[in-house]
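Visitor: Quick note, the sequences are listed as chains A and B, same order. Anchor point for the first sequence: position 131 equals 131 in full-length UniProt numbering, and the numbering is continuous, going up by one each time. Anchor point for the second sequence: position 57 equals 57 in full-length UniProt numbering, and the numbering is continuous, going up by one each time.
Hint data in this document are derived by calculation from the structure and do not stem from the laboratory. Be aware that one or more of the hints could be misleading.
Which copy? The list can't say, so a pair holds if one copy fits it or any two copies do.
[As the list claims (entries may be wrong)] Only pairs whose alpha carbons sit at most 20 Å apart, straight line, appear in this in silico SDA-like list of lysine to any residue:
id	residue 1	residue 2
1	Lys196	Asp322
2	Lys170	Tyr54
3	Lys196	Thr287
4	Lys141	Glu372
5	Lys203	Gly246
6	Lys76	Lys170
7	Lys126	Val353
2 protein chains.
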Amino acid sequence: MPVPQTVSKPSDTPDKSFIDAKTVFKQTGTNPALGHGTIQTSTSRALQNFIAAYDGPTPHLVVELDVVERNYKALKTALPRANHHYAIKANPHPDLLKRLNKLGCYFECASIQEIDMCLAAGAQAKDILYGNPLKKASEIKAAYQRGVEQYVFDAALELDKIITHAPGSKVICRITTDGSGAVSPLSIKFGCPPEKALDWLLKANSSGLIAHGISFHTGSQQLNPASWNAPIRAAAEVFEALRKQGVDTMKVLDVGGGFPTNYRKTVPPITTFCDAIAHYVAKYFKTNAPLIYTEPGRYLPADAGFILAEVVLVAPSHTNPDIRWVYLDIGRYGGLVETQIDYPVYTHHEGEVGPVIMAGQTCDSNDVIYAEEFRYHLPKALTPGDRVILAHTGVYTTTYSTTLNGFPNLTSQCI
Amino acid sequence: MPVPQTVSKPSDTPDKSFIDAKTVFKQTGTNPALGHGTIQTSTSRALQNFIAAYDGPTPHLVVELDVVERNYKALKTALPRANHHYAIKANPHPDLLKRLNKLGCYFECASIQEIDMCLAAGAQAKDILYGNPLKKASEIKAAYQRGVEQYVFDAALELDKIITHAPGSKVICRITTDGSGAVSPLSIKFGCPPEKALDWLLKANSSGLIAHGISFHTGSQQLNPASWNAPIRAAAEVFEALRKQGVDTMKVLDVGGGFPTNYRKTVPPITTFCDAIAHYVAKYFKTNAPLIYTEPGRYLPADAGFILAEVVLVAPSHTNPDIRWVYLDIGRYGGLVETQIDYPVYTHHEGEVGPVIMAGQTCDSNDVIYAEEFRYHLPKALTPGDRVILAHTGVYTTTYSTTLNGFPNLTSQCI
Chain A
1 MPVPQTVSKP SDTPDKSFID AKTVFKQTGT NPALGHGTIQ TSTSRALQNF
51 IAAYDGPTPH LVVELDVVER NYKALKTALP RANHHYAIKA NPHPDLLKRL
101 NKLGCYFECA SIQEIDMCLA AGAQAKDILY GNPLKKASEI KAAYQRGVEQ
151 YVFDAALELD KIITHAPGSK VICRITTDGS GAVSPLSIKF GCPPEKALDW
201 LLKANSSGLI AHGISFHTGS QQLNPASWNA PIRAAAEVFE ALRKQGVDTM
251 KVLDVGGGFP TNYRKTVPPI TTFCDAIAHY VAKYFKTNAP LIYTEPGRYL
301 PADAGFILAE VVLVAPSHTN PDIRWVYLDI GRYGGLVETQ IDYPVYTHHE
351 GEVGPVIMAG QTCDSNDVIY AEEFRYHLPK ALTPGDRVIL AHTGVYTTTY
401 STTLNGFPNL TSQCI
Chain B
1 MPVPQTVSKP SDTPDKSFID AKTVFKQTGT NPALGHGTIQ TSTSRALQNF
51 IAAYDGPTPH LVVELDVVER NYKALKTALP RANHHYAIKA NPHPDLLKRL
101 NKLGCYFECA SIQEIDMCLA AGAQAKDILY GNPLKKASEI KAAYQRGVEQ
151 YVFDAALELD KIITHAPGSK VICRITTDGS GAVSPLSIKF GCPPEKALDW
201 LLKANSSGLI AHGISFHTGS QQLNPASWNA PIRAAAEVFE ALRKQGVDTM
251 KVLDVGGGFP TNYRKTVPPI TTFCDAIAHY VAKYFKTNAP LIYTEPGRYL
301 PADAGFILAE VVLVAPSHTN PDIRWVYLDI GRYGGLVETQ IDYPVYTHHE
351 GEVGPVIMAG QTCDSNDVIY AEEFRYHLPK ALTPGDRVIL AHTGVYTTTY
401 STTLNGFPNL TSQCI
């Protein structure tokens, strides 16, 4: 199956598939230096019908499950002999979990609450990886009672907790990476040096656990396929060192997530990253290839999601009247915490555009989503009450929303 | 009534009032260079009894209403001829709102939801200031229907909305300040130049509204009393200019909030700030003194709140083994978003302490609360399962909590 790929278009050409008689939404903010995203054309009819009909409160996130399915199948095709564990922190909507479970996707969870969400969606406990290296003893006990078999750790005291509270389980040790190339590196808090992994996995086997594998994470929205090189090599060395000490229980190499999605800038296709992973695994593991796990979060639902929002106020900057402030009913504390990510933005206005600063509606002055440096250009006709669409917002939005100032949590639904 | 003030103590002397037979909590992290906070001694018996008895889930915030009341009375005493509007975004717990309402406190709200919380707590609509300059037309309409009479604005299009949807109401124009001296400046997003305020307040009166006053905000946790000087002078000039144009409706000078509270560092007493405000008002308004509004948020419940939390994991840093990572069951996404604020931290361990990095339990690698630079020192005996107390966490915690990774929102109760 070919990998679905968005097609880059000149910035002055709106995506026609996203325009209908009732609601004309034109993508703006398409600075050529940043590139721009495009609506997934094959499913946009359902989306545009939804948007045209939607008259509920905003902000509201809608996620197209057919796009999620297409992404899952693309990943499965690109890396067929792997178990793909969806990192549900990205977006744990029940309908999304049900669809992925139906497709045969596995799950990566970071809490008992997330484990219960997956079980409620039909997942089996054996298909869940408890991937958070930070677990209370009570949480390990609860997962063990539910039948969860696989636990990640990266510290001595965490291993001790698993030995005590999840006897006989499989453990995966998370090693550090340097995180370079990622928009959001993940090794600031997590991971241990490979030599520690060796010691601790030996201890695991001698303490009644099963030393099951090595994991790492190259960072979220990772744009450099070569970033998988060093950690796969380091993991292979741990496997080999354990083999030399007679350990034959190591089965799994968890290469994490980080697969990027398209925002205003188009990223390389998923095959680029999966081919690189397969190449490094073959290179360093040779004939002893382990089972590969992945932990995609962002990649699966990100570009399937669209937030419908309303313009609350437009006002010229008092320091530079050429720049307008555009205040939306969603901001940093309503779910748009990933302010390093530049979402494509659509409005229904045609006509001249100009530079804006985008901000949220709360009383927190840090609630600025995009400063001038992001070079968003929005139509000069934009006015309070207008609807805007923030595209490719399917992940890390509902899970980061607060109720600051009493504004409700970001609502969402799947179509 | 004298202003209650915490007493600074040598950092090696634990606050004895916070120790009882069942639970010994010793304040740590008391780097002399930073100073340290102390438990409010007159009410700590109720708190220590609560903490000793508490066996529910953590993290959990407990707020002592008697401390809130003491703070309110101190503010009222320090600035008696003012209307004090509690900025409920700081902590909207129903019991807290009820207590403040009973004491005669007014309220500052930023959304319809906050307005409804105040009404539910017994406040009257006329005692509520709709202080957010960012309001949808539908929200202004809803507030007007509830009887809210006072609206803040800082932009032309916002004034237009109020003219249309809240006819006859009183409007207060928010002007900018430079925010210097504040831990969290608030004029990045908010406020307009005073000359705009003049134009717009004239327009308000000629459009059926009542030009009611000027507001500003010197920034949250404002440590410099002199920061009220320039905006009070600027406001007086607007009042005077309007008077010269025959406008006699201006009654209110809203000097905002920003009054600081004690964290690890002891701040000047509330009288310092209120005396400065009274001084600048007398200096610039002379015999035409307006009614003063304040908008305290942090000052009222901050030091009344204590978060009970659990240590999830302790692990040495792999780059500097002298430093330990201490992971708690609350972090940046559980409510501790104000990582510039250094809360006093208590544990029940005596003995040697050492430098730590404190972080939360979520899978987000940005979920680090205090890096090494904050110089927190915690006991070397600290271990997973131990309870810690984050003191003076009564504000900007529940309202900033998310459910990232499925972890529940920060729970809270008042005693």
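Visitor: If a hint holds in the structure, say so; if it does not, say that too.
Guide: Quick rundown of the hints versus the structure:
1. Lys196 - Asp322: between (56 Å within a copy, 17 Å between copies)
2. Lys170 - Tyr54: neither (47 Å within a copy, 35 Å between copies)
3. Lys196 - Thr287: Neither. Shortest intra-copy (25 Å) and inter-copy (74 Å) distances fail the 20 Å Cα cut-off.
4. Lys141 - Glu372: Close neither inside one copy (49 Å) nor across copies (32 Å); limit 20 Å.
5. Lys203 - Gly246: Result: close within a single copy only, 13 Å intra versus 84 Å inter.
6. Lys76 - Lys170: The answer is neither: 24 Å in one copy and 61 Å across copies each exceed 20 Å.
7. Lys126 - Val353: Neither, since 53 Å and 42 Å both go past 20 Å.
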